[in-house]
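Given the coordinates of chain P, assemble chain F onto it according to the supplied hints.
Sequence lines, in order, name chains P and F.
Quick note: the first sequence uses the numbering used here, first residue 1, plus one each step.
Quick note: the second sequence uses the numbering used here, first residue 1001, plus one each step.
Hint data in this document are derived by calculation from the structure and do not stem from the laboratory.
Treat the hints with caution; some may be incorrect.
Unchecked claim - Partial selection, computed: residues in chain F whose CB lies under 8 Å from chain P:
1) 1112
2) 1258
3) 1259
4) 1402
5) 1406
What the hints assert, rightly or not - Restraint-style ranges between C-beta atoms, simulated for each label pair:
6) 400(P) <-> 1143(F): 41 to 51 Å
7) 426(P) <-> 1278(F): 54 to 64 Å
8) 349(P) <-> 1398(F): 43 to 53 Å
9) 1278(F) <-> 137(P): 48 to 58 Å
10) 1379(F) <-> 294(P): 43 to 53 Å
11) 1305(F) <-> 290(P): 50 to 60 Å
12) 1178(F) <-> 351(P): 28 to 38 Å
13) 1399(F) <-> 403(P): 47 to 57 Å
14) 140(P) <-> 1379(F): 35 to 45 Å
Ideal placement from N, C-alpha and C gives every residue a C-beta, glycine not left out.
There are 2 protein chains.
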Amino acid sequence: MLRSLLALVLALSSPLPYEAHLFTNDTTRNYREAHELAILKELEELLSIPNVASDTANIRLNANKLLEMMGRRGIAARLFEGSGPPAVFGELKTPGAQKTIGLYAHYDGQPVEPAKWATDPFKPTLRSGVLETGAPIAEPPQSGNRVNPEWRLYARSASDDKAAIAAILTALDSIRAEGKAPSVNLKFLFDGEEEAGSPGLPAIARAHASELGADIWLCADGPVHQSRRPQLYFGCRGVVKMDITVYGASRALHSGHYGNWAPNPAMRLAKLLASMKDDKGRVLVSGFYDGVVPLGPAETKALREMPKPDSELMRELGIASTESDGASLAEAINQPSLNIDGLRSEDVAAQSRTIIPAEATATIDLRLVKGISPATQVARVTAHIEKQGYHVVRDKPDAETRARYPLIARVSSESGYPAVRTAMNLPVVEAVIKAVESGLGQRPVLLPTMGGSGPLWILEEVTRAPQVGVPIANHDNNQYSSNENLRIQNLWDGIEMFAGIMKMK
Amino acid sequence: MLRSLLALVLALSSPLPYEAHLFTNDTTRNYREAHELAILKELEELLSIPNVASDTANIRLNANKLLEMMGRRGIAARLFEGSGPPAVFGELKTPGAQKTIGLYAHYDGQPVEPAKWATDPFKPTLRSGVLETGAPIAEPPQSGNRVNPEWRLYARSASDDKAAIAAILTALDSIRAEGKAPSVNLKFLFDGEEEAGSPGLPAIARAHASELGADIWLCADGPVHQSRRPQLYFGCRGVVKMDITVYGASRALHSGHYGNWAPNPAMRLAKLLASMKDDKGRVLVSGFYDGVVPLGPAETKALREMPKPDSELMRELGIASTESDGASLAEAINQPSLNIDGLRSEDVAAQSRTIIPAEATATIDLRLVKGISPATQVARVTAHIEKQGYHVVRDKPDAETRARYPLIARVSSESGYPAVRTAMNLPVVEAVIKAVESGLGQRPVLLPTMGGSGPLWILEEVTRAPQVGVPIANHDNNQYSSNENLRIQNLWDGIEMFAGIMKMK
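With the rest of the complex left out, here is chain P:
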């Protein structure tokens, strides 16, 4: 009885963990608590500008808004123009500072399917909790400045990645509110096409190599640990996507008149994909794991010490098994992967027709680890497709090709990102870890490799600076789906973390 009462009290109090962390960054916290509504309002203004990278007009409005936000703070900011959306670059020097810290984030967001959103993705909407558990829309308080930190802000890029930009700029405000300046020189690079694969960033970075020089680049992107503990990551998996289309007849056919006889490309695609992985999740493409650079002792230790929330996560995600053959999530993401992003052949259910489709397409992504380049992995998968009997083409097959080859697969891929990994024991890296710890009042989880991928390999190539990931978003943010959201406490924590970094020794 006492025990269940205690559980009830804990459950009731858990939405308000104002004191959940032991913060040491008091001045920043005081600043934030006095300005919560204003901080949210500035973020909401930024979120109200649609930001899909292909939406040229709106992307430029975002970039201009960032110039304005940075300019207002005395940051010398300008646009680095490239083939697509501009990168917004800014610099803030502190006289006498010894170190230069680069802060990377991106202002573009994933494409949206508005019909799948509960509210307009570009009308930021507060809810008193998580939409999926029925939390209603909530109005910000009419008096006072405080917002329940378990509320969520719903909008495209609320988490990924405009929240990071808001946290960075607010951290600077909080330091100045003390009458101080950052202890380091700061460089800011806000990418405008990260979700589209940052195709223009390599050229931009190479053109501005000297301006981008820094002692370390910090990547303010990605989620915190699933346990809600802050985390730092010291590498990203690389990634490269492939589209695979297989063909049947040159037009869709009536399945009654031609079924059993004309080849079905959807079945062919199913067999081809099924050949790529065994039932335990191991990729069967020849050589797929060859060349992986093993983790060092510091990384292995970090992996061992990481919290393993696997069973809670499985419950939260509604899955009764994983496909990692017993490996934990943290271990699994240190391996290369092959993932089906989507399948499409004609249509299904009420939209289906009794036909043999003319073609079937799968898009897959290959995540890469240190030691395997995008081109190498694409070549291995392509060779696997050929080994299954397919004639691989780059364009839609013509009549002659069709007449010649029973199995035809059209394969295309982009250049992708290589993996990056920074040694955890470099002095500047250790200084960042300490600064984050000091900002947040707790030791972050140290993740040798982030499962996701980022375009920062080009900063490594251009500046040779080490890189550390400093994410702030809640892990359950739906960033790649509809109803993306930011848990407010994550924004508050992010501000304190960046303030810690800006005050680093």
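Same frame as chain P, but now just chain F:
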């Protein structure tokens, strides 16, 4: 030189094979030649009314138009109301006639995706040939009544199946133009939801069993032989569709953060589908071919005598192999089949995102032959899915189900159609074959079983009458795709075939 000149002359003359067939039905042909534009105009008016079965308002406009067309010809016509679109029934008695012939067709059409059509699917458009080979839009002649018979009329249902209705009613006109009456009593049944699976037809047919009595029911649906020879068919494969959805996590996940660990439902679906068929096209579902009633001697003979256009078809369709393990198309469609109609999981190519989808769906259709009921075949496929380790559910799985079963498949199916097959040596069947031969001046191809499926099993159940299929549409009519079309000569042939039937001995 002479030879290539001859080829050129043949090529130039081939679009105009006015005398390609040896017709004996001269009066009907004379009537048609004198009224070609008027016949097309009446068909075009009918085609101008959108006719997707779910479009309730327009479907009723179609039914009323048919009542008007039949009433104008003195056919006692009325609507048989059911749960959805009405069936249009009509009757025309000839004093002293010994036989009653039922004529079935349907006035609804396949769903349309207008964006994929070269012209509006409900604005009938003449072209001077086949769209895919670049034939332009053609205007009907301003003087005279003749239309090039190799021209095509593009519209939804131009072939499937309003052309059959036009041919039937025009055949009647041609007999009356001679001052005669049909030699048989006629019943007409025009279905309004065939493309939606005729869900209301069984109840309608049972409610009107006595009115539907006939010596034989002829099904004016389907294509003629791929060689362009007329064909009759004596059975239809049955068909039943199944939707299969398999699940991953309860929401789509970032493939970087969770790839290698969270199960991918698209890969699971690929493996499940791949397990259903071997590389030679044989279905691996246990018992799939059990109970097939073998063909009799007349059917085997007919199969042997059929033209085998397989290699021409393969060229036309752009395929270098079939999945029938050496069997001809005609043989293959006498077997049950398992066909994937469509696949869907998130999206592909430019619309894809680097995610692990939350679910993946396939729709399959099972074609059935005499001896295998829809329910039996669905049960076999469901058992196969269970044998692959899946827990099969009817509804979206809840959290408890998700927590309990690693592999979950949601399976649903409709009631489907059973297969039908009429013995080719029944006297009334032989009389129909002779009447068609007399109408067309050539012996039709006799096809023991049509690959496609129709709702006429319910007429067999209700009336016990034998059934023969009397199709008129060109095989290359795109009936299940965009740009459905009717080759004009096929309409002319259809008129002469139905006139032969209406004059049958």
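Now the hints, each set against the structure:
no.: 1; hint: 1112; in the structure: violated (11 Å)
no.: 2; hint: 1258; in the structure: holds (7 Å)
no.: 3; hint: 1259; in the structure: holds (4 Å)
no.: 4; hint: 1402; in the structure: holds (4 Å)
no.: 5; hint: 1406; in the structure: holds (4 Å)
no.: 6; hint: 400(P) <-> 1143(F): 41 to 51 Å; in the structure: holds (44 Å)
no.: 7; hint: 426(P) <-> 1278(F): 54 to 64 Å; in the structure: holds (56 Å)
no.: 8; hint: 349(P) <-> 1398(F): 43 to 53 Å; in the structure: violated (20 Å)
no.: 9; hint: 1278(F) <-> 137(P): 48 to 58 Å; in the structure: holds (54 Å)
no.: 10; hint: 1379(F) <-> 294(P): 43 to 53 Å; in the structure: holds (51 Å)
no.: 11; hint: 1305(F) <-> 290(P): 50 to 60 Å; in the structure: holds (59 Å)
no.: 12; hint: 1178(F) <-> 351(P): 28 to 38 Å; in the structure: violated (48 Å)
no.: 13; hint: 1399(F) <-> 403(P): 47 to 57 Å; in the structure: holds (53 Å)
no.: 14; hint: 140(P) <-> 1379(F): 35 to 45 Å; in the structure: violated (57 Å)
Checked against the numbered hints listed earlier, the structure breaks hints 1, 8, 12, 14; every other hint is satisfied.
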